[in-house]
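Given chain A's structure and the hints, the job is docking chain B onto it.
Which chain is which? The protein sequence lines are A and B, in order.
Going by my numbering, the first residue of the first sequence is number 1, and it counts up by one from there.
Going by my numbering, the first residue of the second sequence is number 1001, and it counts up by one from there.
Derived by calculation from the structure, the hints in this document are not laboratory data.
Among these hints, one or two may not hold up.
[Claimed, not checked] In silico lysine to aspartate or glutamate, EDC-like type, Cα no more than 16 Å apart, as pairs:
#1 K1193/B to E1137/B
#2 K144/A to D63/A
#3 K1193/B to E169/A
#4 K193/A to E1169/B
#5 K1144/B to D1061/B
#6 K144/A to D90/A
#7 K144/A to D61/A
#8 K193/A to D1168/B
#9 K1193/B to D168/A
#10 K193/A to E137/A
#11 K1144/B to D1090/B
#12 K1144/B to D1063/B
Residues per chain, in single letters:
Number of protein chains: 2
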Amino acid sequence: MRTAIVLFDRFTALDAVGPYETMSRIPGAETVFVAERTGPVRNDTGSLALTADRTLADVPDPDVVVVPGGPGQDAQMGNETLLDWLRAADAASTWTTSVCSGSLLLAAAGLLSGRRATSHWLALDLLKQYGAEPTGERVVTDGKYVTAAGVSSGIDMGLTLVGRIAGDEHAQAVQLLTEYDPQPPYDAGSPDKAPAYLVEEFRTRNRFILN
Amino acid sequence: MRTAIVLFDRFTALDAVGPYETMSRIPGAETVFVAERTGPVRNDTGSLALTADRTLADVPDPDVVVVPGGPGQDAQMGNETLLDWLRAADAASTWTTSVCSGSLLLAAAGLLSGRRATSHWLALDLLKQYGAEPTGERVVTDGKYVTAAGVSSGIDMGLTLVGRIAGDEHAQAVQLLTEYDPQPPYDAGSPDKAPAYLVEEFRTRNRFILN
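With the rest of the complex left out, here is chain A (with noise of 0.2 Å):
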């Protein structure tokens, strides 16, 4: 089983990671970063460059795609060599996969049309410009379409699917490794429990991702 990481320019790390963690191990798994020229990608921040080690080109057709976000993905809206990257991967793929704004680039190559999927909650509503059906839920399967909500959400994206893929025990066992049990000392975590002044500041800024 072949899984490729799709890798761009001010991509958010922990988008690619948190499925990566998980996913990669999976019996048998494969796990491939790609991006448009191999190399070093650099994060939203430019303090972190993760290594694509193939071309889109390289590997057309793999059995999972995740597509992470990030604010480098408004740029990737309109590139016609990626959107027809995710159109062809999409058509052999078992499982297609995004996190945080990630969606809206599966939605922008015309993926999600008609499909339940979420995405960043401040992105939700520019999902719909693209004729998904965006739900406020952390994790939501449509057919083998995965979409995940705002960054930290891939970690729970990759354990659904390592169950989905490996079965419940393998997954149980990931979560043990990678001792997922978490306890966030805050909790302001969606829109419905932060501070309300907070939630309506990030509105206002009208730019929903991590900058």
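Then chain B, alone, in the frame of chain A:
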């Protein structure tokens, strides 16, 4: 404020990227990945490489030190270049921190003697051998030393430190923007919660980090 995140061959990616994603968003933060040599550093599965932009020698006195773990930690326990750097960096740091078996490296450098600390649940006994006082807690603060349990716990540690350094409001903003409202699809993230036979199986295998 300069944060140095230490990389070494066969580190575990989420150990480094969990705290990175939150702590790099502290106002005025400069975050740099450091290793003995600059360039790509491969993780435990070999399919991910993060770039070290600076050598250890380039960054002798960061304000915050973050040491991830992973199976590669074992080979670093006698690496005097790294251990000397940790001791020197610690002498000037405001916070010295670790995730997973990274605390064993802090311990091997002599920095956790007599201190309360944590590590991956399978590494707690080993921590004791270095004179630390291991606890089963997910994030342990003892003075300026902050250690986190296995892999994913670095996210909780990162948010804790954002709160200490930049204030509760900023930490809540980071939590909201990273949508850290965890909803694991299983409840097997600690030895107390996972099926007993899985815990037993991993204890028997005797190598505590993900392979």
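A quick look at each hint next to the structure:
1. For the hint pairing K1193/B with E1137/B, the CA-to-CA distance comes to about 14 Å; that is within 16 Å, so the pair holds.
2. A threshold of 16 Å between alpha carbons decides the hint, and for K144/A with D63/A the separation of about 11 Å falls inside it, so the pair holds.
3. Pair hint K1193/B plus E169/A holds up; C-alpha atoms about 13 Å apart against a cutoff of 16 Å.
4. For the suggested pair K193/A and E1169/B, the alpha carbons sit about 13 Å apart, so the restraint of at most 16 Å is met.
5. With a C-alpha separation of about 15 Å, the suggested pair K1144/B and D1061/B falls inside the 16 Å cut-off, and the hint holds.
6. Between K144/A and D90/A the CA atoms are separated by roughly 10 Å; this keeps the pair inside 16 Å, and the hint holds.
7. Pair hint K144/A plus D61/A holds up; C-alpha atoms about 15 Å apart against a cutoff of 16 Å.
8. For the given pair, K193/A sits about 14 Å from D1168/B by alpha-carbon distance, which is consistent with the 16 Å threshold.
9. Taken as a hint, the K1193/B and D168/A pair is honoured in the structure, with Cα atoms around 14 Å apart against an allowance of 16 Å.
10. A hinted pair counts as satisfied when its Cα atoms are at most 16 Å apart, and K193/A with E137/A qualifies at roughly 14 Å.
11. With a CA separation close to 10 Å, the supplied pair K1144/B and D1090/B stays within the 16 Å bound.
12. Our distance criterion of 16 Å between C-alpha atoms is met by K1144/B and D1063/B, whose separation comes to about 11 Å.
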